Amino acid sequence: MKQKDNLQYEDDLNKKIEARLREMESKDYVFAKRFSKMDYIIVLLVVIFCFIFLIIGAYL
Amino acid sequence: MKNNVNREVEKEAIFGIIPILQNEKLYGFLDAFLILSGYCIATWSYTQGSYLATLVGFKQLLIGAFLGAILMLAIYQLPVILSVRYGIDIWIWLRSVFGKRGVKVMTVVIIIINFPWYAVCAELFSSSMTNLAALFGIVFPDSLHAFLGILCVLIGTFIAYKGIGAITWTTRVLVPLLLSLGVMVVIVGFTSVPFDVIWNYKPENTGYSNNIIPYIISIEANFAFVITLIGGMSGVPRLTKKENSGFWAGVLGQGLSGSLFVVMGAVMAIAMQYVTGKMVDDPTVMLATLTVPAFALASLLLLLVAFANIGTQAVGSYLYGVMLKSSFKKMDYRVLIMILALYVSILCVWGKIVEFFGSFLTVSACIYAPVAALLFVDFFFVRKQKISLRSAFGMSGYNAYDYTRGINWIGFLCVAAGIFMSLLIYNPITAEVHNIFLFYFTPTGFSFLGTGILYYGLSRIPFIRRYLLRDRKELTV
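First to last, the protein sequences are chains H and Z. With my numbering applied, the first sequence corresponds to residues 1 to 60, in that order. With my numbering applied, the second sequence corresponds to residues 1 to 477, in that order.
Chain Z on its own, in the form it takes in the complex (with noise of 0.2 angstroms):
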């Protein structure tokens, strides 16, 4: 049984890794696009509505959260282009920018820097929990919080532990059923409040005397949520049949759907402050509180966020644990997922990674850009297209992304500069601003040009060009 789980995941692992033919390929633009919602959408998705309505009036949210996503998305998704085209992995294609060993060492910065959204997951199954014993008389001590949050991670993970069959059958009733609650907050949220409530709401105090600030902070929220997608863009454009519907399939998944459910979560929180004077980001409270008799609809939200917290987890650590085995091919899967629920299970502990939302998305951001810069500029304008595909998958003979004992530092130089101009304008820690012209641009966004700006100038340097395209003999298609 151990050893099948293995051999699931080793299979998984190379599917993950070989490129796909073109007469292999499953989807069109609507498979696709339905797949890639269902990725989108999770319970967090409701933490990032409440944390915008705090920062900017109801027009204001749906500006930045439909097209602020889509403008990002439309720009740094480009590159899933080569994913159709070759058939393989954007991961394949950076083994070009940070080199056969960095390119290791980024999937694990990347794992470091996105897994706290399952935190973010369990400390909602945690709240979920404890709000609705309330609501049944029953009163959980503070010291449960952080115990009924590594519940979560450990029920999830041991779905995963159990391999692709129990993923399977998770991802089938967790679509639905995210799906499902999604309707009903938005049902329960428009009809609990007038419309013009939600219509016309603008937050009463976001901390800043001038306003565009908090807007400028909403549109980097909306562009740091929508770019943490690109360890994961290529999974399913690559087995998309035409390159147009692999690249607008990610885009529109994420830019409506998943979009969609952070206006639902913003609903759902502008509702509850009007009716409790408070803002909430736990769709449980809401729904109890909004809804009559609250006590019969209890029950049936406790399996309901439970199970939708608990699946999320299990295919993230699922998805996480493939991710990781693709590139530490000789470790085992369970240990890697073992490692993955200790490090949300440390986060659960420390317990602040909700009241950190904004600057963990910043901060995760801060990195995401300048990589998703480097695979844009790379792919169109450094490499124009074309890439050794033998070096890139470490074949016998071919060392053209070997660079520096396996490292390209030109690519992690320009990663440390995007961090540092991202910095430079704005600290996530304490949300200070530090260059008003600059915050215009969002500390995501200046990022990403800068950086791309920085890898294509450097590339124009001739030594430097010659270090990094040692591939032009290699190329065969």
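Next comes chain H alone, as it looks inside the complex (with noise of 0.2 angstroms):
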């Protein structure tokens, strides 16, 4: 019983993932706003200024 319960589990779960996999590989399926460039760039600022600190910090 308990594996029969188990294996309706793991069905239902597969159809709704299966559903949304289809759903979005369809051709109007809109994906969130990307990662841009400029975010890059502010990541790769935020990274250098606490770098930077992280030095002057050892000499305090």
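Source of the hints: derived by calculation from the structure; they are not laboratory data. Among these hints, one or two may not hold up.
To be verified - The calculated EDC-like cross-link candidates involving lysine to aspartate or glutamate, where the alpha carbons are at most 16 angstroms apart (straight line), are:
no.	chain 1	residue 1	chain 2	residue 2
1	H	LYS16	Z	GLU24
2	Z	LYS386	Z	ASP471
3	Z	LYS330	H	ASP11
4	Z	LYS329	H	ASP11
5	Z	LYS352	Z	ASP142
6	Z	LYS241	Z	ASP402
7	Z	LYS11	H	GLU25
8	Z	LYS330	H	GLU10
9	Z	LYS329	H	ASP12
10	Z	LYS473	H	ASP11
11	Z	LYS330	H	ASP12
12	H	LYS33	Z	GLU24
13	Z	LYS278	Z	ASP142
14	Z	LYS329	H	GLU25
15	Z	LYS242	Z	ASP31
16	Z	LYS386	H	GLU25
17	Z	LYS11	H	GLU10
In this text the structure is predicted, and so the values were computed from the model without any measurement.
Mind docking these for me? Both chains are given alone in their own frames, and the hints should help you get the complex.
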């Protein structure tokens, strides 16, 4: 009985996942706004800023 | 009732597994930032703050807690953009890195090394209760210490046992409670001790003749502290509408809000050392010692700190219970949270988790850093932001991530190498530095860099590349 429930659970789950993947694959699907070049540049600047201050911190 | 809880958890586990579509996304940057801020703050932040205060001065502590944390977060959390894009948890992507079975092994490993945080929480509960009882003239015997810790675990587990309804209410009360506790700590800390004392604070004796070593250990502690969030870093961002919102919410939620609580812990510890000569990480003792009348405040604090620790335990048991349920679908949620409770209870009986806090942090980071590096390199450089979603979800007929009987040995080899790299330069148990040059990178930083380079290098070897990239013909999005 429990095994049957587990199989049903997995089956339902896989059906839900498949339906969603199909929707994602459709041409009309709009993905989240992508991380832009500018976003990567901002991340890089933040990393450099933090790194410089960490080095300064060693001399305080 | 029992079945209801299991069904609710199953629903949560399903919600945690299935890809979230763009029209189902709930959060913008601000919502995600606030939720993640709440997720990052807990009473153990005070333990981290007082630990850092034993290593470095206040100014260095500020730089490390905020900028050290943000530096590590901005790098290792970049792959959360995959979670926003595909609406999936990083654990789904990690199936491509460790294999379908391998990811289950990693889930268990991550929980084993992460759950001792809840023993820290239980320890704080126990010492708070003991100290408050002492204020009322009641002296608890030492033997009661472990019992009180276990009591915190059991009550927290009981709330988690009641399911999502109880957890929702706990979170609603817990976050404002922790915030108000934090505000009280700062006000009391800065008003009971001259500002200069805190601002110009430097530890008297760090135990190291070379001052750079405790500074690097403090940066390592900050790296290790923030990297522990890797397991749950994509849970909220995958529900955000834009990739940059999900990313920055995580980085700033922990890097600003989480770090603020670490600094509050340091302020408290420094103020207590100035007044009593003893550094403490227990907000109850600090507030009760530095405020007048202590006795009147004590009852209120008892409720605040007790609920904060129990609530943290409850939320942790629930989240990790759901995480385990997602990996081990056939196991009963209630059995899973009982196992977690047993694990924390054993740590409470051992009773030395706070004493070995720094070691615990670095030991756990030994494993987190290679995992974070693998995810980063796999996403950006090996799979170049494309994954076979059907293989990752284990759909019938799609086996790209089966590797060798469900395990990607290249991924595990890299994790082992990353752990070795970390231990090569620093022994977290004895706090002994083995290689001072490499130590400048910090154990976590070096392990992250080394593992990433190793994994990328291996992925360029043709037969390993073929082994790793069996999924290319299955790509659909």
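Okay, the hints, checked on the actual structure:
1. Restraint check for LYS16 (chain H) and GLU24 (chain Z): satisfied, since their Cα atoms lie roughly 14 angstroms apart, inside the 16 angstroms limit.
2. With a CA separation close to 9 angstroms, the supplied pair LYS386 (chain Z) and ASP471 (chain Z) stays within the 16 angstroms bound.
3. Taken as a hint, the LYS330 (chain Z) and ASP11 (chain H) pair is honoured in the structure, with Cα atoms around 13 angstroms apart against an allowance of 16 angstroms.
4. Simply put, LYS329 (chain Z) and ASP11 (chain H) have alpha-carbon atoms about 12 angstroms apart, close enough for the 16 angstroms limit, and the pair holds.
5. In summary, the hint linking LYS352 (chain Z) to ASP142 (chain Z) is supported, as the alpha carbons are separated by about 14 angstroms, within the 16 angstroms threshold.
6. With a C-alpha separation of about 32 angstroms, the suggested pair LYS241 (chain Z) and ASP402 (chain Z) falls outside the 16 angstroms cut-off, and the hint is violated.
7. Restraint check for LYS11 (chain Z) and GLU25 (chain H): not satisfied, since their Cα atoms lie roughly 25 angstroms apart, outside the 16 angstroms limit.
8. The hinted pair formed by LYS330 (chain Z) and GLU10 (chain H) meets the criterion: a straight-line CA distance of about 10 angstroms does not exceed 16 angstroms.
9. Restraint check for LYS329 (chain Z) and ASP12 (chain H): satisfied, since their Cα atoms lie roughly 13 angstroms apart, inside the 16 angstroms limit.
10. Restraint check for LYS473 (chain Z) and ASP11 (chain H): not satisfied, since their Cα atoms lie roughly 25 angstroms apart, outside the 16 angstroms limit.
11. Distance hint between LYS330 (chain Z) and ASP12 (chain H) is fulfilled; the C-alpha atoms sit about 14 angstroms from each other, no more than 16 angstroms.
12. Straight-line distance between C-alpha atoms of LYS33 (chain H) and GLU24 (chain Z) comes to about 15 angstroms, which keeps the hinted pair within the 16 angstroms bound.
13. Note on LYS278 (chain Z) and ASP142 (chain Z): the hinted pairing is violated, with a Cα-Cα distance of about 20 angstroms set against a maximum of 16 angstroms.
14. For the hint linking LYS329 (chain Z) to GLU25 (chain H), the alpha-carbon distance of about 27 angstroms lies beyond 16 angstroms, and the restraint is violated.
15. A C-alpha spacing of about 12 angstroms is found between LYS242 (chain Z) and ASP31 (chain Z), which places the hinted pair at or below 16 angstroms, so the restraint holds.
16. Between LYS386 (chain Z) and GLU25 (chain H), the direct Cα distance comes to roughly 13 angstroms. Compliance with the 16 angstroms bound is thereby established for this hinted pair.
17. At roughly 12 angstroms between alpha-carbon atoms, LYS11 (chain Z) and GLU10 (chain H) fall within 16 angstroms of each other, so this suggested pair holds.
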